[in-house]
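Here the structure of chain A is known, so what remains is to put chain B in place on it, guided by the hints.
As you go down the protein sequences, you meet chains A and B in turn.
Quick note on my numbering: the first sequence kicks off at 1 and runs consecutively.
Quick note on my numbering: the second sequence kicks off at 1 and runs consecutively.
In short, the hints are calculated from the structure, not lab data.
All values reported here derive from a predicted model rather than from experimental measurement.
Some clues are possibly wrong.
One copy or two, it doesn't matter: identical chains are merged, so the pair holds either way.
Stated by the list, open to error - Computed list of lysine to any residue pairs in SDA-like fashion (alpha-carbon distance at most 20 Å, straight line):
| no. | residue 1 | residue 2 |
| --- | --- | --- |
| 1 | K65 | Q31 |
| 2 | K43 | I104 |
| 3 | K48 | E129 |
| 4 | K41 | G98 |
| 5 | K43 | R105 |
| 6 | K101 | F46 |
| 7 | K65 | K138 |
| 8 | K81 | Q126 |
| 9 | K41 | I104 |
Residues per chain are reported as follows:
Protein chains: 2
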Amino acid sequence: MPNSKKKIIMGIDPGLATIGYGFITLEKNPQFIACGCIETKAKTDFNKRLNIINKELTQLIKKYKPNICGVEQLFFCKNVKTAMNVGHARGVIIMTLGQNKIPIREFTPLQIKQSITSYGRATKKQVEEMIKLTLNLKQAPKRDDASDALAIALTTLYSKKY
Amino acid sequence: MPNSKKKIIMGIDPGLATIGYGFITLEKNPQFIACGCIETKAKTDFNKRLNIINKELTQLIKKYKPNICGVEQLFFCKNVKTAMNVGHARGVIIMTLGQNKIPIREFTPLQIKQSITSYGRATKKQVEEMIKLTLNLKQAPKRDDASDALAIALTTLYSKKY
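Chain A on its own, in the form it takes in the complex (with noise of 0.2 Å):
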């Protein structure tokens, strides 16, 4: 059973509309699994939107069964309506986390940018093409907010703290 031992982590990139998602492995590099995003319609119920986000996230725990989950430390940008929206949002991912008994770290934007590139300025660009360049990847993932997962995913890995 090689692959009894493997351990799958989760990143996730918090928001309301967009949840970026990216699950990755060890085996003797980071292996990419799957990533992508949550989403949610502007015109849909607040709390409908609260519900998908802990239903696909559910989902997601389900189908990938990670270990571990980094999640991104909320930043306070100059939108405080935005910065509660998203801090509702990451609520639910928090307590869907907590229900499904998967162990949390958080991390900041800085950290993780300096974890991906050691280098705490990073672009996104270049933020994406270390994701791209460490994971093995054809192309950059097409989504920011997925491949900033993987970037947490990573941080997550790199901190060992899993």
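Just chain B now, with coordinates in the frame of chain A:
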């Protein structure tokens, strides 16, 4: 079946450490049913605190079967970290109400005070006294958060949006 059409109105004062709740109904006058607080301890893991809120709120909904729930909107205090923690908890509260198909009404602190006392700048003490008088209670609820939750339930009742 005299009670079959009696609406049960819930109010929630959101928080992370203390979540106030109150249930009322309308006969000739507004009637008190129950009030209290869900509490989570600071030393408990954040994701467990959010799960306690989800579980205990679900139990209250199953017990009292509200037809609608008023939830206070967050105002943005100086402590951004506190506001964001409450935002996470409020997201779980809104999601839990949605899971249980309870329609939600949201009110600002000012709307609640104006609704209860016809005077937006009322003190906490004045609001408490109005709650006590309106619901014909022998004494005001011991906990501010429970009293505030009853004020939110009454605001929901007065708004006729149920």
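Violating hint indices (sorted, rising): 3, 7, 8
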